[in-house]
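J.: Listed here are the chains, written in short residue letters.
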Amino acid sequence: QQQVKQSPQSLIVQKGGISIINCAYENTAFDYFPWYQQFPGKGPALLIAIRPDVSEKKEGRFTISFNKSAKQFSLHIMDSQPGDSATYFCAASRNSGYALNFGKGTSLLVTP
Amino acid sequence: NAGVTQTPKFRILKIGQSMTLQCTQDMNHNYMYWYRQDPGMGLKLIYYSVGAGITDKGEVPNGYNVSRSTTEDFPLRLELAAPSQTSVYFCASSYGQGSQPQHFGDGTRLSIL
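So the sequences go chain by chain: A and B. If you're matching positions, the first sequence starts at 155 in our numbering and goes up one per residue. If you're matching positions, the second sequence starts at 131 in our numbering and goes up one per residue.
Hints are not guaranteed to be accurate.
Restricting the straight-line Cα-Cα distance to at most 27 Å, the calculated cross-link-like pairs of lysine-lysine (DSSO-like) are [as the list claims (entries may be wrong)]:
#1 222/A with 139/B
#2 159/A with 187/B
#3 139/B with 196/A
#4 258/A with 187/B
Here are the in silico distance ranges between beta carbons for each label pair [claimed, not checked]:
#5 190/B with 199/A: 47 to 57 Å
#6 189/B with 195/A: 21 to 31 Å
#7 200/A with 212/B: 46 to 56 Å
#8 172/A with 226/B: 15 to 25 Å
If you only want the chain B side, here are some residues facing chain A, beta carbon under 7 Å, derived [claimed, not checked]:
#9 170
#10 173
#11 220
#12 226
#13 227
#14 228
#15 231
#16 237
Hints were generated in silico from the structure; no laboratory data involved. C-beta atoms are modelled at their ideal positions from N, C-alpha and C, and glycine is treated no differently.
Just chain A, same shape as in the assembly (with noise of 0.2 Å):
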């Protein structure tokens, strides 16, 4: 059973478009949500985490929006660059856990 669902499971976005990926989660014991970007050949990285007592974290252009009534956060891309073209995981665990539990990825192309 996957305990966090990701959508769209593939994206393509022109160049200086947004880009938005979508997970919901049902776990309520989970207390941390990070997105990893993987790019091919490679393993995922960290790219930007929330926790829930907050409702939006912005990082340079990335940003991540938390609804926590509605159990769902997103990941918002501003101005997509193709350099921005991977993979996109998003993931939930809880603090004083050791499993992070991953959508199932979101492909996103930009293109130029």
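With the hints as your guide, set chain B onto chain A.
T.: Below, chain B alone, put in the same frame as chain A:
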């Protein structure tokens, strides 16, 4: 600083063979993890370790074994390889649990024919 290093990068096994996937980290992290990544399925935790001599099962441990004799190394052993174990395997490490970032290696692509 090499981070997390995995060897080999690619391997083809025959059904029933065994092998060990190597993972070493130079960040002095206590926590280490093994994940498998299947197309369109995200990453699933196989085993994890919270320190030398301490390991525990993750979500999909069947068919695998691990050991942790040193802080740096966390090898993953496949016994009696099966086609269902064809996957990309990632090792990761972190300073602590929960909200501590996990640092991933570049993976081992394993095909079992």
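J.: Hints first: check each against the structure and report whether it holds.
T.: Results of checking the hints against the structure:
1. 222/A with 139/B: With Cα atoms ~40 Å apart, residue 222/A and residue 139/B exceed 27 Å; violated.
2. 159/A with 187/B: holds (23 Å)
3. 139/B with 196/A: Holds, because 11 Å separates the two Cα atoms, which is no more than 27 Å.
4. 258/A with 187/B: Judged against 27 Å, a Cα distance of about 21 Å means the pair holds.
5. 190/B with 199/A: 47 to 57 Å: violated (23 Å)
6. 189/B with 195/A: 21 to 31 Å: holds (25 Å)
7. 200/A with 212/B: 46 to 56 Å: violated (32 Å)
8. 172/A with 226/B: 15 to 25 Å: violated (34 Å)
9. 170: With Cβ-Cβ at 6 Å, under 7 Å, it holds.
10. 173: holds (5 Å)
11. 220: holds (5 Å)
12. 226: Since the shortest Cβ distance to chain A is 10 Å, the answer is violated.
13. 227: holds (5 Å)
14. 228: holds (4 Å)
15. 231: For residue 231/B, the interface hint holds, since the closest Cβ of chain A sits about 4 Å away, which is under 7 Å.
16. 237: holds (6 Å)
Of the numbered hints given earlier, the model fails hints 1, 5, 7, 8 and 12; all others are met.
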